[in-house]
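Taken in order, these protein sequences are the chains called D and Y. Quick note: the first sequence, position 510, residue 523 per the working numbering, numbers continuous. Quick note: the second sequence, position 308, residue 587 per the working numbering, numbers continuous.
It is worth saying that the hints were derived from the structure and are not from the lab. Every residue, glycine too, gets a C-beta built ideally from N, C-alpha and C. A hint or two may mislead.
[Stated by the list, open to error] Now the stretches of chain D that chain Y is said to cover, found in silico as 3 or more residues with beta-carbon under 8 Å:
#	stretch
1	76-87
2	98-111
3	197-210
4	468-477
[To be verified] Okay, the calculated beta carbon distance ranges per label pair:
#	chain 1	residue 1	chain 2	residue 2	range
5	D	Ser523	Y	Glu626	23 to 33 Å
6	D	Pro520	Y	Asp371	54 to 64 Å
7	Y	Asp371	D	Lys354	36 to 46 Å
8	Y	Arg526	D	Ser419	57 to 67 Å
9	Y	Asp378	D	Arg315	41 to 51 Å
10	Y	Asp371	D	Glu60	53 to 63 Å
11	Y	Asp390	D	Ser61	47 to 57 Å
12	Y	Glu361	D	Glu359	41 to 51 Å
13	Y	Asp371	D	Asn408	45 to 55 Å
14	D	Glu577	Y	Arg526	26 to 36 Å
15	Y	Asp393	D	Ser281	27 to 37 Å
16	D	Ala648	Y	Trp613	42 to 52 Å
Each chain is listed here by its residues.
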Amino acid sequence: MKPPIGRSRTRSISVFASVVIPMTLLGASLVASSASGQQNIYAEGDESKLIAVLRSADAPLYDKVMACKTLAVIGTKAAVEPLANLLNDENLSHYARFGLEPIPDPAVDEALRGALNRIQGRLLIGVIDSIGNRRDREAVPQLRSLLGHSDPAVVEAAAISLGRIASPEAAEALLQSLSDAKAATRERAALGALVAAERLLKEGSSAKAIALYDALAKADIPAHLQGAGLRGAILARGAEGLPLLTEQLGAECQVAFATALRAARELSPAGDLTNILLAQLRRLPPDRQAKLISVLADRADRRALPAVIESLSSSEIEVRLAAVRAMRQLGDASVVPTLVKVATGEEPMVRETALQVLRSLPGEQVDQAIVELLTAEDLPTRLLAMDLAGARYINRAVPALERALSSADPAVRQAALRALGRTVRLGDLSILTRRLTQRTSAEERAALEEALRAACPRIPEREDCAAHLAEVLGQVPAETKPTVLTLLGLVGGPTALAAVTKSAYDPQESVQDAATQVLGDWIGTEAGPELLKLAKSDIADRFRVRALRGYIRIARQFDMSEEERLTMCREALAAATRDAERRLVAEVLGRIPRKEALAELARLMDQPTLREDAAQVAVALSEKLVDREPSAVAAAMEKVLKSTGNADLQARAKNLLRRASR
Amino acid sequence: MASRFQLLSRRRLLQVTTSLAAGCTLPTLIPARALGRDGAVAPSERIVVGGFGLGPRGEHDLRDMLDEPDVQFVAICDARGERRQAIKRIVDTKYGNQDCAMYHHPLELLDRKDIDAVLIATGDRWHTMASILAARAGKDIYCEKPCSMTIAESRALADNIRRHSCVYQAGTQRRNIGNFIFAVELVYSGKLGKLKTVHANTLHPATTHEWLPAEPLPSKEEVDWDLWLGPSPWRPYNSRYVRGGWRNFFDFHGGGILEWGSHTVDLCQWANKADDTTPIEYEPVGNHVHCTYANGVQLIMRDTGWMGLGTCSVRFEGEEGWIETGDSGKIAVWPESLRGEVPVFTEPGTSPKRHIRDFLNCVKTRALPASNADVACQSHIACHAAYIAWQLGRKLVFDPKKEEFVGDDEANRMRSRAIRDPWHL
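Kindly produce the complete structure, drawing on both the sequences and the hints.
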């Protein structure tokens with residue numbers, strides 16, 4: 014007879030009461046569990062009671078499931094037989110294996126081997142898998158015979174389990190099956206043989222591993238499995254595998270070639286692999302040359318650089334592209350002129366690739382070469398150099414970039430602005446800020462603001478930068494002040510905070526709007542007191558609400574002591590005029606594992622519109638607190654039971670009450 | 280000694296760091312000869328892609344993938360009829376035809392010889408299994424995170440990917456986002472002094488073993504419940520699970536540490552040059568887990584105390600300075616002298632665009648993507664180990680070489696879970 018499913022209210026019996034329903038079969042919970050608290054469901058597990066559940070005809074299915082799960086961690090030899098009895102139970106066979114697999118006692122192996130003879134179909138596959146996971150050598154004869162099973166899925170499970178066991182007999186069985194008459198068997202045996210070869214190699218039996226790999230590479234199996242064998246055959250041989258690798262580079266089969274590419278990356282740097290690859294490079298068709306260049310690049314052996322530079326002149330674009338990309342790993346300052354030429358050339362894809370490589374090629378000398386190009390005669394090179402100076406954050410480019418701001422060409426001015434945003438330091442900042450008061454096109458204005466947003470947060474002398482911006486704030490017209498306030502927010506620190514706070518009380522609404530937005534997003538707790546003052550001030554309602562929300566965000570988000578967080582919550586509740594903000598505070602209170610936070614939540618439950626939300630948080634908090642503060646939890650849960658109509662919440666509250674009264 | 284693959288991984292790391300710190304990525308690898316007169320990519324140069332279980336995040340990935348000129352998306356496999364139809368509509372609208380095929384069963388899609396790569400964005404329970412099935416079928420894989428449900432799955436995933444020479448990209452796209460790369464590069468530059476502590480933004484760790492009330496089983500065409508469950512344990516059907524409500528259930532979800540840690544712990548591993556290992560100690564402290572690497576660096580997994588720089592924040596602290604950044608792209612540094620070195624980043628940390636391009640380029644060159652299976656394996660193991668410590672409520676010592684806990688039988692038994700038949704790793 015199948016056990017009832019545990020959620021059944023009609024039976025209302027479950028030993029795993031705290032997670033399902035609040036009654037137990039045996040009068041006491043066998044395991045302690047909680048949906049959101051720390052849950053060691055194994056700590057209080059009693060093996061004999063769990064076994065009794067497994068043997069019971071009446072125990073709900075859920076209880077049997079939980080017994081299996083718990084026995085997986087605490088079960089001993091005593092649990093093996095009752096678990097094994099479930100192996101042919103359609104509902105519980107997997108759970109039985111869940112329980113059995115980790116139990117170290119050899120009785121498990123015996124039970125699983127026994128089950129092989131009496132179980133069919135998908136349950137049999139499960140048992141085979143468990144045997145493989147336990148690497149039971151005594152099961153090899155039975156598994157071997159299953160390689161002849163009519164169901165390919167059973168054959169596959171048996172082959173992989175034999176592979177995991179990887180005893181000499183298991184390896185031999187797999188080797189033989191690689192030449193089986195049935196394609197399906199060969200293919201499944203290959204999966205097992207790959208596992209076995211890997212394990213043999215790991216255990217020092219390299220000759221046996223190589224034999225398996227060689228057989229796989231030659232077997233009549235799908236190409237990707239042959240390729241996997243080939244990879245193993247190359248790598249298992251180490252340096253002696255190089256001729257095999259070389260052979261695959263020229264092979265017609267794409268899988269063999271791809272295998273060689275991967276193996277070439279996996280082989281250790283020792284040996285003359287780079288020279289072998291270079292020797293092959295020119296013999297290959299263009300698409301393969303390109304892929305081989307990417308291997309040379311990944312190996313980062315600079316002996317390949319001359320050949321890769323030569324490939325930049327290839328007539329085939331894919332080879333040129335691969336060569337440009339390889340410069341990132343192999344190149345240095347010496348390749349800058351070549352790359353600049355490519356980056357200003359005709360072919361869009363190659364041009365873009367060269368640009369990206371130039372942006373990221375490491376080295377001071379590369380920077381110097383780029384600075385020199387800022388005065389190049391031709392415009393494309395100058396524009397490229399400006400882009401690169403910005404992308405590489407080259408400070409010594411500032412004088413040339415400042416000169417470019419006087420250009421008559423708007424494209425040059427905008428490129429210079431963008432580059433200056435990434436290159437200026439404190440002393441150069443006014444090059445940008447003084448332009449805030451100048452009339453200019455929308456495009457140039459956007460470039461200027463982008464540059465300032467990039468520049469200001471990067472300036473190391475934060476207070477000096479903030480002081481400069483505060484001064485600029487006083488000089489710019491009202492419509493520019495939001496831009497400067499945003500910059501002050503990005504800079505942060507006391508000086509910036511003071512300037513932004515002052516603006517939050519500005520008579521101009523647009524300035525107040527920008528300033529309260531910046532304060533509301535302030536990174537750091539120092540904005541808290543200012544936000545609270547604003548929230549209690551007589552500024553417009555929408556700004557007060559924004560300030561209070563900013564204050565609550567700080568309480569929620571930043572690192573501080575529990576005491577400080579609690580104080581902020583109390584302050585926020587005192588300042589709040591709407592339920593929306595009170596709900597936000599309730600959520601923060603739920604993050605403070607103290608009875609005082611629970612008391613605040615209990616007070617919120619007195620307000621009808623907040624009752625359900627506060628109860629929800631109080632229950633979640635109590636699940637963390639119950640062991641430490643049982644009486645506070647009990648008091649809060651009594652209130653929850655009176656406050657909520659939510660059945661799930663009530664069940665959790667009752668459970669907490671029980672735990673609190675233990 | 281580091282393995283060949285680990286050496287390769289490190290080389291790859293340095294390349295990514297130097298190439299993307301300037302916020303740039305290399306363009307599509309499409310040779311001009313592959314472009315027709317209309318600019319379309321010739322069939323021989325296209326990467327033919329199929330999808331598994333594309334929900335909201337998968338749809339986001341798909342749309343970015345469809346924007347790549349060398350991708351041809353041809354098939355969707357989903358246990359839910361509604362989702363199959365939704366994805367088909369998106370793809371067919373994009374291509375102006377009715378060609379996107381729909382499948383129930385993963386093996387049907389994987390049997391198609393014309394498919395080169397798969398996009399996997401199922402629920403977490405399927406990620407490892409689907410990736411391994413794809414690897415065995417010779418497909419390359421872009422798989423959303425988290426990539427595994429257990430330590431054993433993490434290992435099986437990495438082993439299968441390497442064994443079958445697949446290109447695998449975990450959906451931990453922050454390895455290809457400029458501000459995170461810059462943060463790692465700043466650590467490597469030595470400007471923060473000797474690295475002391477790395478902090479990973481995680482979520483509340485808990486999951487529940489609860490079952491939702493049973494509901495009548497829908498038709499297989501509507502929801503194939505057995506397939507939806509896949510390798511995870513059976514439980515009664517409830518529509519909430521299949522409509523995205525599977526998170527926080529132990530059988531389907533790795534918990535809050537893994538949810539974000541698959542990104543942020545991964546970045547911390549990278550910053551600590553620990554892509555080939557994991558911390559050796561894990562100590563639960565409230566909802567946080569404090570870990571220690573063999574090189575003495577501390578890893579703090581925490582859900583509070585961040586500066587507000589966006590979701591999935593990380594913080595790297597050295598003896599002489601620190602850097603914190605998050606999904607907003609904003610960066611905070613100390614000492615202030617470092618502010619001058621901070622570039623401008625605007626791309627949100629949630630964007631998979633560069634990451635997808637990285638994957639596609641690697642499919643063509645067979646190079647190793649930024650979030651390859653080996654690095655994903657280690658960062659996921661770290662998250663799983665932390666969650667085990669948190670569940671048990673005690674400090675655990677871990678041996679990264681053996682991938683086992685030292686002297687704690689219970690913890691070791693929690694490293695794996697039996698896979699539900701007929702699936703197997």
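Now the hints, each set against the structure:
no. : hint                              : verdict
1   : 76-87                             : holds (count 6)
2   : 98-111                            : holds (count 6)
3   : 197-210                           : holds (count 3)
4   : 468-477                           : holds (count 6)
5   : D:Ser523 <-> Y:Glu626: 23 to 33 Å : holds, 30 Å
6   : D:Pro520 <-> Y:Asp371: 54 to 64 Å : holds, 58 Å
7   : Y:Asp371 <-> D:Lys354: 36 to 46 Å : holds, 45 Å
8   : Y:Arg526 <-> D:Ser419: 57 to 67 Å : holds, 59 Å
9   : Y:Asp378 <-> D:Arg315: 41 to 51 Å : holds, 47 Å
10  : Y:Asp371 <-> D:Glu60: 53 to 63 Å  : holds, 56 Å
11  : Y:Asp390 <-> D:Ser61: 47 to 57 Å  : holds, 49 Å
12  : Y:Glu361 <-> D:Glu359: 41 to 51 Å : holds, 50 Å
13  : Y:Asp371 <-> D:Asn408: 45 to 55 Å : holds, 53 Å
14  : D:Glu577 <-> Y:Arg526: 26 to 36 Å : holds, 32 Å
15  : Y:Asp393 <-> D:Ser281: 27 to 37 Å : holds, 36 Å
16  : D:Ala648 <-> Y:Trp613: 42 to 52 Å : holds, 44 Å
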